[in-house]
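Those protein sequences? They're chains A and B, same order as listed. First residue of the first sequence: 1, per my numbering; consecutive thereafter. First residue of the second sequence: 1, per my numbering; consecutive thereafter.
Where hints are given, some of them may not hold.
Said to hold, decoys possible - Computed Cβ-Cβ distance ranges for the label pairs, DEER-style: (1) His38(A) / Leu174(B): 32 to 40 Å; (2) Val145(A) / Pro260(B): 49 to 57 Å; (3) Thr100(A) / Val164(B): 44 to 52 Å; (4) Phe48(A) / Ala93(B): 47 to 55 Å; (5) Ile140(B) / Gly35(A): 30 to 38 Å; (6) Lys70(B) / Phe40(A): 42 to 50 Å; (7) Arg29(A) / Phe78(B): 51 to 59 Å; (8) Thr81(A) / Gly203(B): 48 to 56 Å; (9) Pro260(B) / Thr100(A): 56 to 64 Å; (10) Gly20(A) / Leu205(B): 51 to 59 Å.
Claimed, not checked - Derived list of chain A stretches under chain B, where covered just means 3 residues or more per stretch with a C-beta under 8 Å from a C-beta of chain B: (11) 60–70; (12) 85–94; (13) 207–219.
No lab work stands behind these hints: they were computed from the structure. Even for Gly, the Cβ is constructed at its ideal location relative to N, Cα and C.
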Amino acid sequence: MPDRRKNIKSSYTSERSVPGAFEGETVTRRRFMTGSVHVFGGMAAAAFTLPALGFALGPVFEQDEIRWEDVGATGDFPLATYVPRVITFTPGIGEVGKTTVYVRRHNPEIDPPKKDRYDNFVAMTTRCMHLGCPIRYIEASQRFVCPCHGGVYDFQGKVSGGPPVRPLDRFYTRVQRGRVEVGPRYSVNSELRRFSPRDPGEPLDGIGQYAYPRRPSTAPRPKDAKRS
Amino acid sequence: MKLKLPKPPVPGSLMPRPKRPGDGNGNGNGRVSPAEQAVETAKESGITAVDWIDERTSLSGGARWMMFRKVPKGTNWFYTLGSATMFAFLSQAVTGVFLAMYYDPSPVRAYESTRYLTNEAFLGEFVRGMHKWGSTVMVILVFLHMARTFFFGAYKYPRELNWVIGVVLLILTLVMSFTGYLLPFDQRSYWATIVGVNINGTGPLMGPYLSDFLRGGSDFGATTLSRFYAIHMLLVPGALAALIGAHLYLVARLGTTAPPWLKAEPSEELRRSKV
Numbered sequence: 001m002p003d004r005r006k007n008i009k010s011s012y013t014s015e016r017s018v019p020g021a022f023e024g025e026t027v028t029r030r031r032f033m034t035g036s037v038h039v040f041g042g043m044a045a046a047a048f049t050l051p052a053l054g055f056a057l058g059p060v061f062e063q064d065e066i067r068w069e070d071v072g073a074t075g076d077f078p079l080a081t082y083v084p085r086v087i088t089f090t091p092g093i094g095e096v097g098k099t100t101v102y103v104r105r106h107n108p109e110i111d112p113p114k115k116d117r118y119d120n121f122v123a124m125t126t127r128c129m130h131l132g133c134p135i136r137y138i139e140a141s142q143r144f145v146c147p148c149h150g151g152v153y154d155f156q157g158k159v160s161g162g163p164p165v166r167p168l169d170r171f172y173t174r175v176q177r178g179r180v181e182v183g184p185r186y187s188v189n190s191e192l193r194r195f196s197p198r199d200p201g202e203p204l205d206g207i208g209q210y211a212y213p214r215r216p217s218t219a220p221r222p223k224d225a226k227r228s
Numbered sequence: 001m002k003l004k005l006p007k008p009p010v011p012g013s014l015m016p017r018p019k020r021p022g023d024g025n026g027n028g029n030g031r032v033s034p035a036e037q038a039v040e041t042a043k044e045s046g047i048t049a050v051d052w053i054d055e056r057t058s059l060s061g062g063a064r065w066m067m068f069r070k071v072p073k074g075t076n077w078f079y080t081l082g083s084a085t086m087f088a089f090l091s092q093a094v095t096g097v098f099l100a101m102y103y104d105p106s107p108v109r110a111y112e113s114t115r116y117l118t119n120e121a122f123l124g125e126f127v128r129g130m131h132k133w134g135s136t137v138m139v140i141l142v143f144l145h146m147a148r149t150f151f152f153g154a155y156k157y158p159r160e161l162n163w164v165i166g167v168v169l170l171i172l173t174l175v176m177s178f179t180g181y182l183l184p185f186d187q188r189s190y191w192a193t194i195v196g197v198n199i200n201g202t203g204p205l206m207g208p209y210l211s212d213f214l215r216g217g218s219d220f221g222a223t224t225l226s227r228f229y230a231i232h233m234l235l236v237p238g239a240l241a242a243l244i245g246a247h248l249y250l251v252a253r254l255g256t257t258a259p260p261w262l263k264a265e266p267s268e269e270l271r272r273s274k275v
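For reference, chain A alone in the conformation it holds in the complex (with noise of 0.2 Å):
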């Protein structure tokens, strides 16, 4: 073994006796088609394969557009209790991309301050915050209660047993020539702090927040909303 290691080939074919080598050559001509056919193979297989993921991919990327809908006029939501509303939030699917909100006006006594123009009123979600069952609300006990697992929810849409994760998600809304229009939704913790909309089961409070970070798919918040 030491005689051959001593041996050392030459990187030239020439010297290397393989037969029909040209002057200066060190790639052998096999090798060099070898590697040709693979490169070239690779390149077609990804020539189909990225556009073809990409598409399956791009909606994950793809944001949503802030839409506004009208509710109803301005009188027609009190302080003390919930109106069911039916908005549209995919268009162009029928009876499948609609949603009911509950809406009411801003409570002073109840609700914290008013954080910006979008606060005048409340659009409760009816997406329940454990799996995203739909939940209602319970006029006798004030309270939004889910059918499935039995998440139960307070006036201001704070957890109150079962379940859920965190408060429903709410929407922004906003008054526009004495009409109440329902915006993007938005998430909350259970200080009631905005974050952008999550999915349900996504805590918000403490490592939540960090462990479900914000979707690039979602509509932004309108540009003088303030987070908190």
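Given chain A's structure and the hints, the job is docking chain B onto it.
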């Protein structure tokens, strides 16, 4: 080249009777009725056709390798659970193809087309029923097959890779169940999908993005249904079929295990030499 397969184990009474000497081939009275000749030709033509294909593909070797394998002593009915699962899959594939002829995966038409194929299409209720109940049967069979493999120790060397493929097949089967559940597009499927996607979303860091990928957007939207439909009838079935092929290949290559209650018997020679 004649195809020669081993004779199946048929009881003697059912075996075809050998020809009586003197009948047929010439050396007796030499008479062959036209009917007998026709039957003989028909029998030959089938073999000729198979031979024609075999001469050009050499498939018979592979078929024989796959079908006429040695099985260990003690092989019992539990060993049929894998085949049962595969037939459940085939039934799902066939009924699924025919359901796709009526089904329309658009959010406004899906429920109506499901209602039509269930209530009005000829045998629609039956075929949809087979697909619906068959999916449950398949999941149950997958788990029974997995339990058999586990309790018989059939996942051990050299069959670990087959266990891994089997686990991937289990996951793909559950993906099929999950995506198929949305397709009737009634209240139950809609809310079950909302809940299912949100369960996916509770995985930290990647969960929210996985949910967006499944729904094709930040919320249940226009493309969610067609996305689930494409995953359900194109993406996953292809992967399932390919992996079932690999699973079967490994079963044939490695053979099956004897049940654990059987002790290995040393060969006669070895036993004598020890004494």
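Is 32 to 40 Å right for how far apart the beta carbons of His38(A) and Leu174(B) are? holds, 37 Å
Between Phe48(A) and Ala93(B), does the C-beta distance stay in 47 to 55 Å? Since Phe48(A) and Ala93(B) have Cβ atoms about 26 Å apart, the given range 47 to 55 Å is violated.
Outcome for the supplied range 48 to 56 Å, where the beta carbon pair is Thr81(A) and Gly203(B): violated, 38 Å
Confirm or reject the claim that Pro260(B) and Thr100(A) have a C-beta distance inside 56 to 64 Å. 58 Å Cβ-Cβ, so the 56 to 64 Å window holds.
Coverage of the segment 60–70 of chain A by chain B (three or more Cβ within 8 Å): holds (count 3)
Outcome for the supplied range 51 to 59 Å, where the beta carbon pair is Gly20(A) and Leu205(B): Between Gly20(A) and Leu205(B), where Cβ atoms are some 57 Å apart, the hint holds.
Examine the segment 207–219 of chain A for residues whose CB is less than 8 Å from any CB of chain B, and state whether their number is three or more. holds (count 7)
A range of 49 to 57 Å was offered for this pair. Does it hold for the Cβ distance of Val145(A) and Pro260(B)? holds, 52 Å
Are there three or more residues in the segment 85–94 of chain A whose C-beta lies within less than 8 Å of some C-beta in chain B? Coverage by chain B holds for the segment 85–94 of chain A (5 residues, Cβ < 8 Å).
Verify the CB-CB distance for Thr100(A) and Val164(B) against the hinted window 44 to 52 Å. holds, 46 Å
Taking 51 to 59 Å as the stated bounds, is the beta-carbon spacing between Arg29(A) and Phe78(B) within them? Given a distance of about 58 Å, which is inside 51 to 59 Å, the answer is holds.
That 30 to 38 Å hint for Ile140(B) and Gly35(A) (C-beta), does it hold up? Distance hint for Ile140(B), Gly35(A) is violated at roughly 51 Å.
Of the numbered hints stated above, those contradicted by the structure are hints 4, 5, 8, listed in ascending order.
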